[in-house]
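With the hints as extra help, turn the sequences into a complete structure.
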Amino acid sequence: MAALLPLMVSPGTTAAKLPAAAVRTHTITIENVQYTPAHLTVRRGDRIVWVNKDLFPHTVTATDKAFDSGSIDVSKTWTFLAKKRGTFGYSCTFHPTMKGTIEVK
Amino acid sequence: MRPTIVFCTAVLGLVAAGARAQGGPTDPQIAAIVVTANQVDIDAGNLAKKKAHSSEVKAFAERMVVDHSGVNKSAGELVQKLHVTPESNPTSESLKKGGDDNLAALGKLSGAAFDTAYIDHEVAYHEAVLSAVDKTLIPSAHNAQLKALLVKVRPAFVAHLEHAKHLQAQLAKSGG
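So the sequence lines, in the order shown, correspond to chains A and B.
Oh and the first sequence: position 14 is 14 in our numbering, straight run, nothing missing.
Just so we're on the same page, our numbering is the position in the second sequence counted from 1, plus 1000.
One should not assume that every hint holds.
[As the list claims (entries may be wrong)] With a Cα cut of at most 20 Å, we get these calculated EDC-like pairs of lysine to aspartate or glutamate:
#1 Lys1096(B) - Asp1043(B)
#2 Lys53(A) - Glu31(A)
#3 Lys53(A) - Glu1077(B)
#4 Lys99(A) - Glu1056(B)
#5 Lys1050(B) - Glu1062(B)
#6 Lys1152(B) - Glu31(A)
#7 Lys99(A) - Asp64(A)
#8 Lys65(A) - Glu1056(B)
#9 Lys1152(B) - Asp73(A)
#10 Lys1073(B) - Glu1062(B)
#11 Lys99(A) - Glu1162(B)
#12 Lys1049(B) - Asp1120(B)
#13 Lys83(A) - Asp68(A)
#14 Lys1147(B) - Asp1134(B)
#15 Lys1097(B) - Asp1043(B)
#16 Lys1073(B) - Glu31(A)
#17 Lys1073(B) - Asp1027(B)
#18 Lys1058(B) - Asp1043(B)
#19 Lys1058(B) - Glu1162(B)
#20 Lys1173(B) - Glu1056(B)
#21 Lys1165(B) - Glu1062(B)
#22 Lys1173(B) - Asp1120(B)
#23 Lys1073(B) - Asp73(A)
#24 Lys1147(B) - Glu31(A)
#25 Lys53(A) - Asp73(A)
#26 Lys76(A) - Glu1077(B)
#27 Lys105(A) - Asp64(A)
Keep in mind that the hints were calculated from the coordinates and are not lab data.
Right under this line is the structure:
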């Protein structure tokens, strides 16, 4: 989606005057049976990477099931591209006490 | 008093007594306690994966097997790295015996009665282990990396305890 954005700029617009549309990457660490940071605000189009530094697998599963990483093994990552604006609660299906939110602006 | 409670109280008593008598368990003894504590819960989980009635209890049992196996893998790697040989001691032996007794008791149960007994034991067990981790194992650990591992595994026991308590409340509500 982000790759298509330059094509949507109307002819005659000077690309140099537009704000940089670089995709930012944010990292959320999974460790000690929690997500850190538990709340993260990003811009639409940003990339979020969850890194599992815990001793066993976890998931990143949206409360409304909009996204679901499936099992993220130890030392593995899962990447999500924030395409839709809104606030999304998520949890680990394996460990119901783990909760986080991402806010896409 | 239920057997699970008796068992866990005995474990706590032993850990506390050991701490008073000898200034706490040594690192090789702590390593044996950690490995045994995890293995006991893996064994119970493997039985519950087969025998549990409710799908949620089955899923919890599967998680106990995966998580405690993960912890034991890390513990095993660490003791190898530190050249610590786990040393059997009264606490690890009591944990093992308690685990065997629990398996024998659970083996006689089925259906909802199995689920309730398994989850009740998981609640009492995680409470007892957490208390031992906080009061004895972390304060007694001499090696900084062993202490760090204990600190790192603690949140898993807390999360498991909360999960087990949630299931316990659900089972009580459903009459299980």
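A quick look at each hint next to the structure:
| no. | hint | in the structure |
| --- | --- | --- |
| 1 | Lys1096(B) - Asp1043(B) | holds (10 Å) |
| 2 | Lys53(A) - Glu31(A) | holds (5 Å) |
| 3 | Lys53(A) - Glu1077(B) | holds (16 Å) |
| 4 | Lys99(A) - Glu1056(B) | holds (19 Å) |
| 5 | Lys1050(B) - Glu1062(B) | holds (10 Å) |
| 6 | Lys1152(B) - Glu31(A) | holds (8 Å) |
| 7 | Lys99(A) - Asp64(A) | holds (13 Å) |
| 8 | Lys65(A) - Glu1056(B) | holds (19 Å) |
| 9 | Lys1152(B) - Asp73(A) | holds (17 Å) |
| 10 | Lys1073(B) - Glu1062(B) | holds (17 Å) |
| 11 | Lys99(A) - Glu1162(B) | holds (14 Å) |
| 12 | Lys1049(B) - Asp1120(B) | holds (16 Å) |
| 13 | Lys83(A) - Asp68(A) | holds (15 Å) |
| 14 | Lys1147(B) - Asp1134(B) | holds (11 Å) |
| 15 | Lys1097(B) - Asp1043(B) | holds (12 Å) |
| 16 | Lys1073(B) - Glu31(A) | holds (16 Å) |
| 17 | Lys1073(B) - Asp1027(B) | holds (17 Å) |
| 18 | Lys1058(B) - Asp1043(B) | holds (14 Å) |
| 19 | Lys1058(B) - Glu1162(B) | holds (16 Å) |
| 20 | Lys1173(B) - Glu1056(B) | holds (14 Å) |
| 21 | Lys1165(B) - Glu1062(B) | holds (17 Å) |
| 22 | Lys1173(B) - Asp1120(B) | holds (14 Å) |
| 23 | Lys1073(B) - Asp73(A) | holds (14 Å) |
| 24 | Lys1147(B) - Glu31(A) | holds (17 Å) |
| 25 | Lys53(A) - Asp73(A) | holds (9 Å) |
| 26 | Lys76(A) - Glu1077(B) | holds (19 Å) |
| 27 | Lys105(A) - Asp64(A) | holds (18 Å) |
In terms of the numbered hints stated before, the structure departs from none.
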